[in-house]
Amino acid sequence: MSVPSTPRRHATIDAPTPSATPQTTRLTSSILQSSPHYTTTRRHSLYGTEDRIIIDPGSRVWKVGFSGEGKPRDVFLSRRKESGTLWSLNRATTTEEREEEDRLLEARLQICLRSVFHDSLLTDPKSRKVIIIEHPLLPLHIKEMMAKILFNNLQVPSISFASSHLLSLLAAGRITGLVLDCGHLETTVLPIYAARPLYPQLQTTPLAGARFSSHLRALLLLFGTYLPPPTSLSAAANIPVATRSTRVPEEVLTEAVIEELKTRICFVGEALDMSDSNMQSPPADDSMEMDAPPSDFAMSESDFSRVSADLQSNMSSQQAPESDYSVVSHSQAISNLDRPQPGETHLQALAKLYMRHSTATDLRIRVEPPASQQVGTGRGTLIVPGWIRERAAEVLFEGGDVDESSVAEVVLESLLKAPVDLRKTLASSILVTGGTPMLPGFIPRLQTELLRAVSPNPNNPSSSWSPNRRASRPMSYERYSALRSLVPYFAILNHPSPPPPATPRAAASAGKAPAFSPAALAWVGGSLAGYVHLAFPSLRKRVTFNLIVLSALKSGGVEITREKWDEAEAHTNPDESMEQPMDPNAHTTYNLLPDWTRTPLPVGAPPAVIRSQPAIAPASPQTTVGA
Amino acid sequence: MPPGVEYYCPCLSSTPHPPPSSLASSLYSFHPLHSLFFCEECDAVRCNRCVMVEVSGYYCPNCLFEVPSASVRAEKNRCARNCFMCPNCQNTLTVVASDPPDNGETRTSPIVLSAVGEPPFFLYCNHCRWDSAEVDMTFEKPTGLAAQLQKFEDSAPEALEFERLKEHFEPFLPAASSALARDIPGVVKYNPLTRSRSGRDRAAAKSEIPDYRARVEAGSSHGLASGSGGEVDVDFMKHLETAGEVASLEQRWVNSWTTSLHANDLKPLRIPLHSKKSKRCPSCRHILIKPEQKAQSVRFKIKLVAANYLPAITVSLPHARAAMEMIKRSSALNKSTSTAVAEEHAAAASGAMIAGKTYPFHLAFTNPLYDPIQVRLHVQRTLTPSSADGKQKAPFAVTLPSSAFPIAAFAEAWEYEDDEDMFGDEGDYDGARGTKDRDGRARPRTVGVLERRANVTVVGGEVVLGKEARGNIKFNMLVTYTYRSDDPEPENDDPTATPSKRGTQDKQPQMKTFSFYTVVELGNIIRREESKVDMDP
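Chains as they are written, first to last, in my numbering: chain A, 8 to 634; chain B, 8 to 544.
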């Protein structure tokens, strides 16, 4: 296969020449688009290597590049210098606020999308088809807005949407697997069988990068140390560090600083083996609150990390202030610090415990002093205890909440929902993608947690298998006992150091994915899909696999062209002008965009293959109400 | 925020009227004048958010080499010559020769110190002293470094793996050679054959995909390779001494392959190319700006910028200026001024205003046209937001001169010399001048034309702050100006129905009107209480 040596035509050569006839560009390009001549000239080489533009838009980080390349051309923060994310899990409640939110989002999206073409890729949008890698839970209004900007403002010829989970799987060379995507806003697990995403089995939790950040901030506010810059250069030497050190002022921990800490110095330590009861028995002063140390400890730990910690019905009133503590992560840290807290001893105990177990070094980070204290010389110093570096990510692995299951628990929940006959297959091909798993040690820890959550919870909490955090939950009911038979099958495809596999099936997949970095998997898959994309439509004629891929690539297969879009818009506009913008959401264009939430999904088992194909292939004509 | 004026481009909203300036989203609709374009055809302002951008050429910002578009694609938008960026500080790297072999005799052989120097060559950062020898990257020749590196890039693990993935999925793609199988959109798409046949093949399909064997498996290193997120990395992180040992996210995130965490493993980066862009009006497709082709040139072939069509507006706060002078004077003369007063002045100098007071402000209009214009100003009434809480009342009220005022034509500086017109009638700005010397608040006249000179007219306005006002003082202002058009018939083919810089023609001049919105930002409001505390000694 001499694939690499295939000469690729440079796309700008065959691009339609709009500059010559400005007035008719729109028309010209679209005609060329669908004319056979256009396609044949372009699909000169093996796959028809017309480069598509692959955009992986995240709420924080965007990855962009051309299809057929092994890595993205550019990666940038969606808000550039500003802090914050493009969108969040919340939506404003009132209409005005929401409209304002939409306007802001549109303006920011426009900046991002324009910069993709004009700054990152330096290419003419009018001649480039675009593939957008969409998260399955990407809100429709955002999707719609992207399409609107791409078609109207940038005038791209066509857009396809492709599911990020499926693409990640393709990048791993598979079409079946359980994909865990741990991003900034949420962690989502989606089982995919034969390239068909089983959307009904999708599971999600808000424990992800953003939560990790706020937890890290809270820990630093409590346990970090800040050394203000010395007031004069000579004074530095004289004053001992101990007298200079203060608590960390909140202003120091800007989002940029937190981000830096997160990506540079944090990692995920191995799971603490709590079985050793004398190890974890807290200092004497705490024991009065702890009749059952392990469980109590677990409680405090999870309370601490969680905003809505009141799920623990058996929480003693003494511990109530602790749940206040969780608020810390959201702003009032300082005010909380000033009053004595019964819970603080708990946290101290927790800190001590972690400290004792952690051999990670404390680090000094230079930070900008807050504006109010801008008296000194130079920068302040933030001392990050080693255990925070190691244990801040614990927040992602502490489950227990119904709505906020741990990263391991979402995987199990999804498996629980998956059809029984697929469970083994899925459990033995777990793929971890997203930015947060870039933390060193994340994947090994996930494997440990998976096994731990499934393994039987012995009656004796101090037995060697006792996972403490589980002990805090009502133990009469073991949620994942049904999955216990899967234990030998659990295998993470991109595990950097897979444990000795217990079954041949696990052996065939643990650590067998190509060593792409988890964060880039979706993009690489998009690039791959884009590379073979032109060939996809004709795949329909051939093998069923292709049919499945195609229809399951629901969006990958369905391409929305600008003509369709314009048509749909033309349909809407007169209506709008008549009715006034009373009902701005009554776009027909909305219905043009394919989305799995709109596909009539069969209930229960994955669709029998025969039914599905005709259902999905003509999905676009069906949905294009306006067209 | 310093006081300033930005101009409105209606591309983001559906109405020609700008959103109220209190909304955060309005920020994106207003632009500084120098970044705006003006389409003569459409007679409209265009901004960088709505123009259509076309690449008219690529060049390397470092060596200013114009890169032909064919090689842009092959080189992945990067300079294919000798331009590299330091991975740590993004400074440009220089090619440095190795020290000549020390054979004892110094300075005796000038040949060694030739212009080229001794191989191996390496890249060196003049700023942070990074050099490429640290990452085992040396070169035999000092030129064409990118070409020498090319073979490494081609054999990059992600590239090879990607090729392998393509091969893996290839059996499922149609044979490219069979031209008949090619998809012709709209023709073959709904071939009934597709459906009938597909059902039969399906059963066989599932097992058709063999397992993919990765070239480099994630687990093949057993966590011993740095960057894989395995034990080695955890261990490394555990014993980290400084944060600087770990490469930052920005340095790593373009890599799709697991790469080392260590900062000292970073590779030099090829300098990304820049492009010269020409921009077109989104509705009529006429070119608004077109740069000259040459990379070295900074000139434009076509340049329809708004600054040539719209009067430039600058805003200034006399009280801030007065306060600034006070500070200077007090610090120069007597140090005994109470700090409170000084602070108040400092606050005022920075443009802050105290709630409940009235402040004048000056707007200076500069006419770029060769014809005098008449300008009329309107403040856009902020639609009282119907939000529930007591924000019903606008926190401040702005007064502007309501009548039209003239601005003289633009002319070259020497032409003004004995032009009588440049001096407005003295009475107009006498009062204004009188206000300056004393306390900046009680004045005979603040609203109206204060000064006229050359092609600049300064008008005064006044803002009355409510007692409860807070936040930023920002208001939208509609500027309407009337100019003499050279083209009497609008339906004429000649499209000069715009304030173009034309010389006078023999036709009967006709007056035309153009209006545009701006947002005027005056500064922050300080709460009264705070300032009172400050003022009391």
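One or more of the hints may lead you astray.
As the list claims (entries may be wrong) - Distance condition first, Cα-Cα at most 30 Å in a straight line; then the derived DSBU-like pairs of lysine-lysine:
id	chain 1	residue 1	chain 2	residue 2
1	A	Lys-136	B	Lys-245
2	B	Lys-364	B	Lys-83
3	B	Lys-173	A	Lys-136
4	A	Lys-155	B	Lys-83
5	B	Lys-274	A	Lys-88
6	A	Lys-88	B	Lys-284
7	B	Lys-301	A	Lys-155
8	A	Lys-359	B	Lys-274
It should be emphasised that the hints constitute simulated quantities derived from the structure, not laboratory data.
Outcome of the hint check:
1. Lys-136(A) to Lys-245(B): Between Lys-136(A) and Lys-245(B) the Cα gap is close to 45 Å, so the pair fails against 30 Å, i.e. violated.
2. Lys-364(B) to Lys-83(B): Violated, because 59 Å separates the two Cα atoms, which is more than 30 Å.
3. Lys-173(B) to Lys-136(A): 20 Å, holds
4. Lys-155(A) to Lys-83(B): Measuring from Cα to Cα gives roughly 28 Å; hence the hint holds.
5. Lys-274(B) to Lys-88(A): Roughly 25 Å separates the two Cα atoms, so the pair holds.
6. Lys-88(A) to Lys-284(B): 24 Å, holds
7. Lys-301(B) to Lys-155(A): With Cα atoms ~35 Å apart, Lys-301(B) and Lys-155(A) exceed 30 Å; violated.
8. Lys-359(A) to Lys-274(B): 40 Å, violated
Checked against the numbered hints given earlier, the structure breaks hints 1, 2, 7 and 8 and satisfies all the rest.
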